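2 protein chains.
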Amino acid sequence: MGDDRDWATVLGVPDEDREDILGAFDASVFEGRRYRHLTDARHGIERGTAIVDGRVVRGFPSIPRTLVLDPGIAEHFDGRLTVEEKRNGYNVRVARIDGDVLGFTRGGYICPYTTSKVRELLDPDSFFEAHPGLMLCGELIGPENPYTPHEYPEVESAAFEVFDIRDRESGRPLAVDRRREFCERHDLAMVPNFGEYDPAEATDAVREVIGDLDREGKEGVVLQSMDGTRQLKYTTSATHRADLEHAFSLPFDYGRDFVFPRILREVFQAVELDRTNGESRQRAQELGEAILLPAIEAVRAVERGETVGEDHTVRGDPDAIEALLSHLREMGITLEIQRDRRVGDERAVSFVKVSQATRDNVENYLDGQLIDE
Amino acid sequence: MGDDRDWATVLGVPDEDREDILGAFDASVFEGRRYRHLTDARHGIERGTAIVDGRVVRGFPSIPRTLVLDPGIAEHFDGRLTVEEKRNGYNVRVARIDGDVLGFTRGGYICPYTTSKVRELLDPDSFFEAHPGLMLCGELIGPENPYTPHEYPEVESAAFEVFDIRDRESGRPLAVDRRREFCERHDLAMVPNFGEYDPAEATDAVREVIGDLDREGKEGVVLQSMDGTRQLKYTTSATHRADLEHAFSLPFDYGRDFVFPRILREVFQAVELDRTNGESRQRAQELGEAILLPAIEAVRAVERGETVGEDHTVRGDPDAIEALLSHLREMGITLEIQRDRRVGDERAVSFVKVSQATRDNVENYLDGQLIDE
Chain S
4 MGDDRDWATV
14 LGVPDEDRED
24 ILGAFDASVF
34 EGRRYRHLTD
44 ARHGIERGTA
54 IVDGRVVRGF
64 PSIPRTLVLD
74 PGIAEHFDGR
84 LTVEEKRNGY
94 NVRVARIDGD
104 VLGFTRGGYI
114 CPYTTSKVRE
124 LLDPDSFFEA
134 HPGLMLCGEL
144 IGPENPYTPH
154 EYPEVESAAF
164 EVFDIRDRES
174 GRPLAVDRRR
184 EFCERHDLAM
194 VPNFGEYDPA
204 EATDAVREVI
214 GDLDREGKEG
224 VVLQSMDGTR
234 QLKYTTSATH
244 RADLEHAFSL
254 PFDYGRDFVF
264 PRILREVFQA
274 VELDRTNGES
284 RQRAQELGEA
294 ILLPAIEAVR
304 AVERGETVGE
314 DHTVRGDPDA
324 IEALLSHLRE
334 MGITLEIQRD
344 RRVGDERAVS
354 FVKVSQATRD
364 NVENYLDGQL
374 IDE
Chain X
4 MGDDRDWATV
14 LGVPDEDRED
24 ILGAFDASVF
34 EGRRYRHLTD
44 ARHGIERGTA
54 IVDGRVVRGF
64 PSIPRTLVLD
74 PGIAEHFDGR
84 LTVEEKRNGY
94 NVRVARIDGD
104 VLGFTRGGYI
114 CPYTTSKVRE
124 LLDPDSFFEA
134 HPGLMLCGEL
144 IGPENPYTPH
154 EYPEVESAAF
164 EVFDIRDRES
174 GRPLAVDRRR
184 EFCERHDLAM
194 VPNFGEYDPA
204 EATDAVREVI
214 GDLDREGKEG
224 VVLQSMDGTR
234 QLKYTTSATH
244 RADLEHAFSL
254 PFDYGRDFVF
264 PRILREVFQA
274 VELDRTNGES
284 RQRAQELGEA
294 ILLPAIEAVR
304 AVERGETVGE
314 DHTVRGDPDA
324 IEALLSHLRE
334 MGITLEIQRD
344 RRVGDERAVS
354 FVKVSQATRD
364 NVENYLDGQL
374 IDE
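Protein chains in written order, with my numbering: chain S, 4 to 376; chain X, 4 to 376.
I should point out that these hints are in silico values taken from the structure, not numbers from a laboratory.
Treat each hint with caution, since some may be false.
Only some residues are given here: those of chain S computed to face chain X with a beta carbon under 7 Å [stated by the list, open to error]:
{"no.": "1", "residue": "Pro67"}
{"no.": "2", "residue": "Leu70"}
{"no.": "3", "residue": "Val194"}
{"no.": "4", "residue": "Arg259"}
{"no.": "5", "residue": "Val262"}
{"no.": "6", "residue": "Leu290"}
{"no.": "7", "residue": "Leu296"}
{"no.": "8", "residue": "Leu373"}
This structure is a prediction, so every number in the text was calculated from the model and none was measured.
By construction, the Cβ of each residue, glycine as well, lies at the ideal position given by its N, Cα and C atoms.
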């Protein structure tokens with residue numbers, strides 16, 4: 004499946020630009036193996052693209068969002084589409100290179116924790132024996148998660164659900180039916196599926212699904228054309244609020260970038276989905292609470308001298324846990340370990356990613372520092 | 004009073020930098036008189052500084068803000084201070100050059116409307132006869148206002164209230180008592196005054212004043228050391244909400260820049276002034292309403308095909324009105340005239356400053372345009 008082709012040929016990079024473009028990639032090491040990955044889209048190559056032993060693992064494309072279901076869906080799709088749940092975890096690509104299964108984060112980093120989890124959760128060998136040139140694209144979800152922990156009642160620690168299967172080099176997706184067939188055959192969990200629709204009927208169906216997901220506090224949906232090539236996402240009000248609550252619990256780390264786009268999503272969702280002004284007023288009040296109350300609590304926590312940051316728990320192979328903690332520290336993140344214990348063969352660590360910007364800014368403003376405008 | 008000194012000497016510009024620095028100034032013409040003004044601080048010279056016939060009119064300094072009264076006030080002042088109302092209009096400097104009274108906006112533009120208004124409202128000749136080297140700094144308030152119209156029950160059309168008197172060239176302020184004495188002697192209206200305090204007692208006094216102003220929907224306070232040299236501002240929750248309501252009535256013109264700083268003001272004000280969690284929840288709900296409801300209404304207005312923008316009414320000398328409208332159009336603002344009539348000798352025009360960014364963005368998103376994230 005093209006494993007021996009040169010990375011530059013695969014990525015369409017002219018020979019004379021090789022060095023230049025390779026310089027845009029970060030260099031890292033995983034299990035003694037040097038590799039390169041692109042943390043931001045550059046030179047027309049997707050963010051997250053990695054080169055491991057000369058082999059290309061193509062980045063996962065960003066999925067566009069619509070602010071209105073009608074006419075957003077009809078504008079974007081001209082044939083049947085499938086509606087699947089957008090799960091709240093982190094995007095992982097799983098590929099096998101030289102016999103080793105590896106887990107890549109969105110930015111193309113081979114994450115030791117993710118790799119260890121997918122090896123443990125997936126048993127993907129039967130899949131990669133049959134399809135060495137493909138990669139599994141999915142969401143790593145669950146409460147024990149170093150990036151975006153989120154509770155799903157059915158997930159105790161962490162789980163991996165496939166939402167796409169793509170050619171590792173070209174990034175070309177399988178058709179939806181084929182992807183499902185492959186997952187069933189190789190016993191790979193898939194994201195929940197809400198059915199297939201014509202564009203004209205999809206709007207009503209998605210409205211109903213979104214209403215249910217919103218009540219359950221779930222994230223939203225991804226729509227995909229049956230050939231796999233077109234995707235579109237749309238999220239619930241519960242997610243907009245949860246994002247804002249999280250962002251404003253650390254206002255100086257996340258607040259500014261988070262607030263405006265999520266307000267816009269709520270504005271257009273209200274115009275499209277609210278049936279009364281009372282519903283919009285309720286939505287507005289909940290938006291305000293999602294913004295202000297966590298920020299007030301963050302200021303009070305800093306005032307009390309408490310550490311502010313994001314709480315995570317991870318559990319797994321001790322070496323993988325150690326490598327994850329080292330990686331986070333190398334990224335400049337200050338960790339405060341809250342609990343560190345053995346559970347059988349595994350190590351379970353609860354830690355806070357300390358939010359320096361929020362702590363420092365809040366302290367300064369509480370001390371009377373002025374703002375010059 | 005130094006009127007014959009060279010502008011470069013007054014501004015401390017070395018001879019060899021003259022041309023370079025002059026190039027940073029915009030060139031304009033008012034009543035046949037060419038002048039230059041600095042729309043942004045550059046080369047250590049304040050924004051709004053103007054050079055008219057070689058004479059310098061110094062820019063008005065920005066007043067720092069505190070997010071907490073305690074210890075913000077005590078940190079910033081070491082002696083007695085006066086508490087005055089911050090009025091909601093636009094900042095104007097009035098100076099006399101070669102016998103002509105001129106009104107300068109914050110950016111140093113000689114505004115024909117402002118100039119005509121201050122000539123009509125102030126009768127400042129007795130002041131400038133006595134003090135040709137000073138300038139009056141004040142707020143032009145009232146509903147008939149091309150920049151920030153705001154209702155004050157006592158103001159029918161427009162009024163000018165002095166909050167500072169400064170040396171026109173150096174920008175050095177008069178002491179507060181002197182400023183008040185000069186205003187009384189020359190019959191110049193002043194901003195409302197809430198008394199003088201030691202820093203230690205000012206916090207409680209300002210809390211009480213802010214509570215009253217908040218209930219009346221007024222903007223806030225400016226604190227000033229008795230020698231005039233130190234200033235500090237603090238605003239009401241009613242103002243944060245009114246700003247957000249205005250900004251989110253035109254979300255793509257103002258929303259992004261407005262939202263985060265005002266949320267911060269509310270966060271710290273809540274931590275300092277709210278006595279119960281219920282009060283903070285109420286504050287949060289009102290914040291959410293101030294953000295979301297005007298934006299929903301703006302989207303609905305665009306959906307109905309209505310013009311969105313800021314409504315203004317101006318009234319005055321027909322030549323000044325014509326010059327103002329030309330100026331706004333030259334600034335690239337699209338005006339939609341709603342009403343244009345004569346009232347005695349005066350011309351009264353109601354117009355909308357059309358908000359292209361909000362109209363275009365809302366139309367596009369309603370048409371299903373995708374957002375790539």
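Item to check | Index of numbered hints that the structure contradicts, given in increasing order | outcome: 3
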